[in-house]
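Those protein sequences? They're chains A and B, same order as listed.
Under our numbering, the first residue of the first sequence carries the number 46, and numbering increases by one thereafter.
Under our numbering, the first residue of the second sequence carries the number 32, and numbering increases by one thereafter.
Read the hints as simulated data drawn from the structure, not as lab findings.
Incorrect hints may appear among the rest.
[What the hints assert, rightly or not] Calculated pairs, DSS-like style, for lysine-lysine (alpha carbon to alpha carbon, straight line, at most 27 Å):
#: 1; chain 1: B; residue 1: K357; chain 2: B; residue 2: K277
#: 2; chain 1: B; residue 1: K213; chain 2: A; residue 2: K582
#: 3; chain 1: A; residue 1: K601; chain 2: B; residue 2: K123
#: 4; chain 1: B; residue 1: K369; chain 2: B; residue 2: K508
#: 5; chain 1: B; residue 1: K595; chain 2: B; residue 2: K493
#: 6; chain 1: A; residue 1: K599; chain 2: B; residue 2: K123
#: 7; chain 1: B; residue 1: K94; chain 2: A; residue 2: K627
#: 8; chain 1: B; residue 1: K213; chain 2: A; residue 2: K599
#: 9; chain 1: B; residue 1: K262; chain 2: B; residue 2: K339
#: 10; chain 1: B; residue 1: K277; chain 2: B; residue 2: K339
#: 11; chain 1: A; residue 1: K654; chain 2: B; residue 2: K123
#: 12; chain 1: A; residue 1: K627; chain 2: A; residue 2: K599
#: 13; chain 1: B; residue 1: K358; chain 2: A; residue 2: K769
#: 14; chain 1: A; residue 1: K662; chain 2: A; residue 2: K627
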Amino acid sequence: MDCYTANWNPLGDSAFYRKYELYSMDWDLKEELRDCLVAAAPYGGPIALLRNPWRKEKAASVRPVLEIYSASGMPLASLLWKSGPVVSLGWSAEEELLCVQEDGVVLVYGLHGDFRRHFSMGNEVLQNRVLDARIFHTEFGSGVAILTGAHRFTLSANVGDLKLRRMPEVPGLQSAPSCWTTLCQDRVAHILLAVGPDLYLLDHAACSSVTPPGLAPGVSSFLQMAVSFTYRHLALFTDTGYIWMGTTSLKEKLCEFNCNIRAPPKQMVWCSRPRSKERAVVVAWERRLMVVGDAPESIQFVLDEDSYLVPELDGVRIFSRSTHEFLHEVPVASEEIFKIASMAPGALLLEAQKEYEKESQKADEYLREIQELGQLTQAVQQCIEAAGHEHRPDMQKSLLRAASFGKCFLDRFPPDSFVRMCQDLRVLNAVRDYHIGIPLTYSQYKQLTIQVLLDRLVLRRLYPLAIQICEYLRLPEVQGVSRILAHWACYKVQQKDVSDEDVARAINQKLGDTPGVSYSDIAARAYGCGRTELAIKLLEYEPRSGEQVPLLLKMKRSKLALSKAIESGDTDLVFTVLLHLKNELNRGDFFMTLRNQPMALSLYRQFCKYQELETLKDLYNQDDNHQELGSFHIRASYAAEERIEGRVAALQTAADAFYKAKNEFAAKATEDQMRLLRLQRRLEDELGGRFLDLSLHDTVTTLILGGHNKRAEQLARDFRIPDKRLWWLKLTALADLEDWEELEKFSKSKKSPIGYLVRQGPSLHPIPPSGE
Amino acid sequence: MAFPHRPDAPELPDFSMLKRLARDQLIYLLEQQHEVDKLYKVESKPAVSSSEQLCFLVRPRIKNMRYIANLVNADKLAGRTRKYKVIFSPQKFYACEMVLEEEGIYGDVSCDEWAFSLLPLDVDLLSMELPEFFRDYFLEGDQRWINTVAQALHLLSTLYGPFPNCYGIGRCAKMSYELWRKLEDEEDGETKGRRPEIGHIFLLDRDMDFVTALCSQVVYEGLVDDTFRIKCGSVDFGPEVTSSDKSLKVLLNAEDKVFNEIRNEHFSNVFGFLSQKARNLQAQYDRRRGMDIKQMKNFVSQELKGLKQEHRLLSLHIGACESIMKKKTKQDFQELIKTEHALLEGFNIRESTSYIEEHIDRQVSPIESLRLMCLLSITENGLIPKDYRSLKTQYLQSYGPEHLLTFSNLRRAGLLTEQAPGDTLTAVESKVSKLVTDKAAGKITDAFSSLAKRSNFRAISKKLNLIPRVDGEYDLKVPRDMAYVFSGAYVPLSCRIIEQVLERRSWQGLDEVVRLLNCSELAFTDMTREDKASSESLRLILVVFLGGCTFSEISALRFLGREKGYRFIFLTTAVTNSARLMEAMSEVKA
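Extracted from the complex, chain A is given alone in its bound form:
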């Protein structure tokens, strides 16, 4: 404990900085860092190295190797660089490696060295070559800025949605700027560059000259500039060894420092954290590291080895061939607790707990002291918070133990902050592990969110750990476990050396029917890798048949798609497949397919009934469905045909079909109708009036009403109208005519086959007065 603050270095009066080791690296580098292009992603991301053979003339024949390591130095990928000379490397926010080539082409690689895509930064860049390039991060994603050989800038603020912007010319710029950087203000990317003693700010429209307020005189050139992680602060290093620190807007100066070293620093980065007390810049030379801020003295470290700085949200990571360290401003809670002779409540509580473990009565004294001041709640909170900022698990534990001890003496202390911190620390310790190598701090983790952390684990193919974390934090399955399993499965299908059966089985064993997992998505991925058979196997596991169909169609397994669509019970889906099939197959095959699927067939018939009558006929023909064919022609006889000849012909075809269908009744009825139709036509010609399309009954009635009794009798005989009907018909018609004479004659002619119901029946119209 005595030496716990030994690595604390004060800067000015208020702040301490400490540097501790994250990992000792055994990445077995063949090259010196200084000979390589280096890129390290923020938030404890991976490190990419590409030995830069293009810088020196020698050994251009040897192909360089691109290597990717985790932050702990575990190799993730190594590949021979076969493309053109690379000017700059950088990581996107999605942890994709962007390699900017001299010709302006940007190659994008995955974390495991898998080539993703490439894009060009435009013709202008291609012609003038790339002199320098930066990869930067904005709210929208990751951007690329390029300085061309013609001393012009081109940038794209988001490589995901590539829009190139050529920045305006800097007047009188003859040589490359001594230093430059990208700034992001108000969602717009700017470029700040230094030419000799002048600073210029480039935006989309114009180039303006700017002057930092309160800049010491005598500056003839700027050697280095640095923008803070949040783009809020700017630091400038001049050739006089003077450092200016201020806001990015160049409206306000924060402080300045003169380090009296005129050699250009290798790197300069900001070292601050959200709500920092002190704003400091870390400057690195070959063998020296300096932390400067608003204080007359600076903190100095000696660098034993060639090192590289990675700015983070709340500090700076420094890695070299052998170690990986983290330098940051000591957080307030930790400072209060651990500062020598601190009387802060948290410090007292920690002491109290330690005495308690020693079974000393001092524990009580300390505790009383805190309680008397009424600061116990605060003490517990402080310990919890400080635990979060500790890297070493033993320190985390002792602080949490103190917090838990203090909690016992509080009546109503909400437990969730304590519980959440314990959970978060377990997660953090797990991912900080050497094998995983994501050295996130608590603040970075909170900024990144658990979802993104899970994504990054998935990206590193650390599926089991990701799932354990999900289960441990009890994340909802759909967001957590299922999603990770789905990712795992998508990775699994890319393993080409495993047989389709094994992959499908392995996936199904793991996934089972976890809710939220879409087998069709995985199958789509398999199909994307050219494994159609595997995709089909995977689709078998998809419980929602509706989901299987679109992919099956895409894979040209339309018949399978059809049966799946029918299974799903979604007629719309069936129809979609049907129309696909219709275009894909020749007519004969299409009809054959339909024949085996009655549901699809009836659906297609419905469609044809309205849209393609001819196809409908063909369908019936193909099936030898004479009954329906007959019905089809019957319908045509009154719906499609207008001329009487056409109608009769249609009826004839119908009658033939009915005969074939052995439906004698329908055939006979149809033939009767043909006769009737012809007769009606003749009646119209001879007698005038409308007869066409009347039923037989109505035809006879009309004849009687028209006084053509003979004709009516004839018709009744021809069509064998039964007596009963004829009687009803005549009586009704004659009564309507009020032709009582004829009615009486008729009633006496034969014995009525319908009895005397006429007289009693209340339904008949006027009862003939003389009919009694």
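Keeping the supplied structure of chain A fixed, place chain B upon it in accordance with the hints.
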């Protein structure tokens, strides 16, 4: 007169939420989204409107698409440009888009969907307002609406909690049920843990029981539907009812106090009730006499309005009754009912057949004639070949040759069929009974049942005791059983099935009935293990009629509910009756 519910009968869930939902959606869709200011009905004639944008709210049918296509193309020819919007309800179908594309107007219209499926017509009656369901599914074999049914059930279960007990019979019921379950599984979590409000759900296909739907209705609400046609819970009373020169649109639901008391009554009781009511009303009016000023003021301000309202309704229903009576006596109603009862009971078949023949010969009504033929066919397991041919010939002569297609439809739907020669039910039964001694009997009976889809009405009727034994006069004023909805002559088959299954809480012991219904594979029970359901919710039963239900069935089940302390809720694809069923099957000249 009106039977009160038992005191322990459960409360009905509040369905007004569905109504509000539908109304808000529609208003949002039409007013906010599309700024519709004038509404027209989609008819065969072109809409005349000068507005810049036309918005169509249609069912997803090819016919409607062609209507729209014609309209758009006519506009194009006339050199008019407007915006067109098609809103499909309840969903858009790919086939419709295809048609729009084939007609060359796909680029001119934009499409939207309105997922509306449930309209509460009354406190216990939800309708999907899909009258086309019947023809689409039972005739054309089109399963498009099954998805809609499943969605509707899903909506109900999200709003009113899961259903712990599910029963069903019929192919469509089974498919809808399975699809619905799939939907629930996909979206689980939402209904889980909710307390069920409705304890049972019963799904039933219309083709399980055509007989009930084909009978003439004699309870008041059914009779009003048969006579005046109730549309979406309201009816147009013509001048003959309103005794003025205007017709009047009247909402018929539980809010109409007079109607609510007579809707489930046998028609023979209604007149008596109404005149009693009229006398009571008069007495209340008469109380005015001898009132002092203050009392009179009270009377006018508080009671008079209610009395006047009641008066108005009373006179409307009396008018409706008179009108019904007039129509029915003209049509020889007694004779018709007698024939129907004879058909149901299965005696005097020859007489009934000649009655039907005469009915056709006299051209009484094409739909009525068809209905009687179907009733004869179903109760008798098909017509004997001679009758089958002669009745059809008569029918074609009376009503026109295009009905040849109608007959083909009816045959396909199993509504009007021909007996295979010598294959009457008794013949089949004797054959089967002979085979019972045989070891292969089981197999052979299976083969028999799969041979042809027979209605087996007579056997089912016997099994389920559908024709009550009458000793003395059936007292229609104090009904004993559900048969009262058909004057005590017949217990509706559909309702009896529901009653039996609910009593047993499963299909157990009903195997024979299920077999006779040709549904050996299609009857299902699903009890969920959750026992969170309160005893009150377990007495609430949702009955889903796929293909429509009649008001008689609703009345019968309401009666059953009162007897047993249940409450039934009805969900139907549409309210139907015999005429609607027959029209759905008929081919008419376009």
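Structure-based check of all given hints:
1. K357(B) - K277(B): 19 Å, holds
2. K213(B) - K582(A): 21 Å, holds
3. K601(A) - K123(B): Since the Cα atoms of K601(A) and K123(B) sit roughly 25 Å apart, the hinted pair holds (cutoff 27 Å).
4. K369(B) - K508(B): 20 Å, holds
5. K595(B) - K493(B): OK: K595(B) and K493(B) at ~24 Å, within 27 Å.
6. K599(A) - K123(B): With a Cα-Cα distance of about 22 Å, the restraint between K599(A) and K123(B) holds, given a limit of 27 Å.
7. K94(B) - K627(A): Holds, because 22 Å separates the two Cα atoms, which is no more than 27 Å.
8. K213(B) - K599(A): 25 Å, holds
9. K262(B) - K339(B): 26 Å, holds
10. K277(B) - K339(B): Given that 27 Å is the threshold and the Cα spacing comes to 20 Å, the pair holds.
11. K654(A) - K123(B): 19 Å, holds
12. K627(A) - K599(A): 15 Å, holds
13. K358(B) - K769(A): With Cα atoms ~25 Å apart, K358(B) and K769(A) stay inside 27 Å; holds.
14. K662(A) - K627(A): Answer holds: K662(A) to K627(A) is near 16 Å, not above 27 Å.
Checked against the numbered hints listed earlier, the structure breaks none of them; every hint is satisfied.
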